[in-house]
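*Asks:* Listed here are the chains, written in short residue letters.
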Amino acid sequence: MSYSYALRCRECAREYPLDPIFSCEFCFGPLEVAYDYEAIAANTTRESIEAGPPTLWRYANLLPCDVDYKVDIGTGFTPLIKADCLAEAVGLDTLWVKNDTVNPTWSFKDRVVSVAIARARQFGFEAMACASTGNLANSVAAHSAAAGMDCFVFIPDDLEQGKVVGSGIYDPTLVMIEGSYDDVNRLCTEIAANRPWAFVNINVRPYYAEGSRTIGFEIAEQLGWRAPDHIVSPMASGSLYTKIWKGLQEFHKIGLIEEPTTRMSGAQAEGCSPIATAYEAGTLNFVPQKPNTIARSLAIGNPADGYYALKTMEETGGAAAMVTDVEIVEGIKLLAKTEGIFAETAGGVTVAALRKLVASGKISRDEETVVVITGGGLKTIEAVADKVSAPLRIPARLEKFDAALAARDVAPVAVGV
Amino acid sequence: MAARHVRLTFSGDEVKRPLIYELGHEFSVITNIRMADVGQTTGWVILEIEGTEEEIEKSLIWARAQDARVDEATLGDVVEG
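Sequences listed follow chains F and L, in order. Quick note: the first sequence uses our numbering, first residue 1, plus one each step. Quick note: the second sequence uses our numbering, first residue 1, plus one each step.
Wrong hints could be hidden among the right ones.
[What the hints assert, rightly or not] In silico DSS-like links for lysine-lysine, alpha-carbon gap of 25 Å or less:
hint: 1; chain 1: F; residue 1: K356; chain 2: F; residue 2: K82
hint: 2; chain 1: F; residue 1: K387; chain 2: F; residue 2: K337
hint: 3; chain 1: F; residue 1: K290; chain 2: F; residue 2: K82
hint: 4; chain 1: F; residue 1: K290; chain 2: L; residue 2: K58
hint: 5; chain 1: F; residue 1: K253; chain 2: L; residue 2: K16
hint: 6; chain 1: F; residue 1: K311; chain 2: F; residue 2: K290
In short, the hints are calculated from the structure, not lab data.
Build the full structure now, drawing on both the sequences and the hints.
*Replies:* Structural data, given as structure tokens:
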């Protein structure tokens, strides 16, 4: 059962019923789900979680929805992999990769959508909707299909083909919007206000966002019920980053782990870095930006949780780093070559930022670190398509193969970084 | 009469300019600051604007033309990755 009992304003702490609303009527602060932690603690043990399913639903007591409404396509409890080769490459003693590329639609968005759609069904909504540059659209379309719900997905009209097909295959109503990024944002806000749909990151956002906490839960459980010294996470809206930290704190609150002292660091692309820029300027007030980066899954110029991400950074002693598009590609390739994990551009941002944070001394060699990889590389194949090793093209004859191999050994054909 | 809640973000020289005062004089709208955080170089204001739909819209177009960024008050970008 769910132990959520109210929505609470993050600014003024006013409480509201558990309705499909997202902001405080008095101060316009964002609403967040409030839980009865005493009841959760009384009904949740390490053993009860370990006996649960190998999905995020093992944390059902900590989720803001009734499990009877879940749409379970196998999301969560993704591998936490000891990354010795990547650790050596970046200069750390101990590094783990939280590999969320293996979720059902190949990104961490399946976590937030799992919770959003369960809560939406509980509310009685019959249609789901979202505005997305890829990962969220794929996940909402897939979960809606599995639930037999209508689905409306809004995307910019210049998306890569893979992302369009990645949503279209689940047969939602797919709407391509012409215009600038700001135009798309504005139109979708208007549509959300005028349709009786569960718009996952608008009217059910307080519930949706809670799904990201499960990454924090899993990291702690998979490390043997403890928190690491440092976590590096990508930052787009800033929600994932803040919720991982919230998850660790909650595990402590209900007695499952010692008090976490984890330092939370965040990664952004230089072409969309409102949070990292504010961090470098030493302010909690970010200035919105117009995104211009290959890391489109992180291209949120006006991050809803930017302020809270900066607060978390300050509170935990973490840092932010921003990386160029060239460094993003290097990051994707480094993760692939060292750990056999093919990440999308957001993963490249995070690995490149990790490398920068270690090189600059913001993460010290002896800090046990977890890097969160949030999406699979086949979604953004364009980013690296011309930067991988060129194949040896030969006629089907043995001597041609021998000759090509010998020629390659003399002059390697690998291209790119 | 209609009411809108918007978040105005200023940076650079716009921080020093009395934009909200000017907006209230240029257009037939009532402005009400609900939250704000303004520093030396950047700042934001959550503004309640009352007036006819047409006059509110005109005032926001004007604000954008003055290099203020205008967003819905309670949301960041709704297009996610």
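*Asks:* Need the status of pair K387(F), K337(F): alpha-carbon distance at most 25 Å?
*Replies:* Holds, at roughly 13 Å.
*Asks:* Given the hint that K311(F) pairs with K290(F), does the C-alpha gap stay at or below 25 Å?
*Replies:* Holds - the C-alpha atoms of K290(F) and K311(F) are around 23 Å apart, at most 25 Å.
*Asks:* Has the given pair, K290(F) with K58(L), been kept, meaning a C-alpha gap of at most 25 Å?
*Replies:* The hint holds at about 23 Å.
*Asks:* Taking only the CA atoms, is the gap from K356(F) to K82(F) under or equal to 25 Å?
*Replies:* Given pair K356(F), K82(F) holds - Cα atoms ~20 Å apart, limit 25 Å.
*Asks:* So if I understand the rule, the pair passes when the alpha-carbon distance is 25 Å or less; does K290(F) with K82(F) pass?
*Replies:* Distance ~37 Å between K290(F) and K82(F) Cα, so the pair is violated.
*Asks:* Holds or violated: K253(F) and K16(L), Cα atoms, limit 25 Å.
*Replies:* Since the Cα atoms of K253(F) and K16(L) sit roughly 45 Å apart, the hinted pair is violated (cutoff 25 Å).
When each numbered hint is compared with the structure, violations occur for hints 3 and 5.
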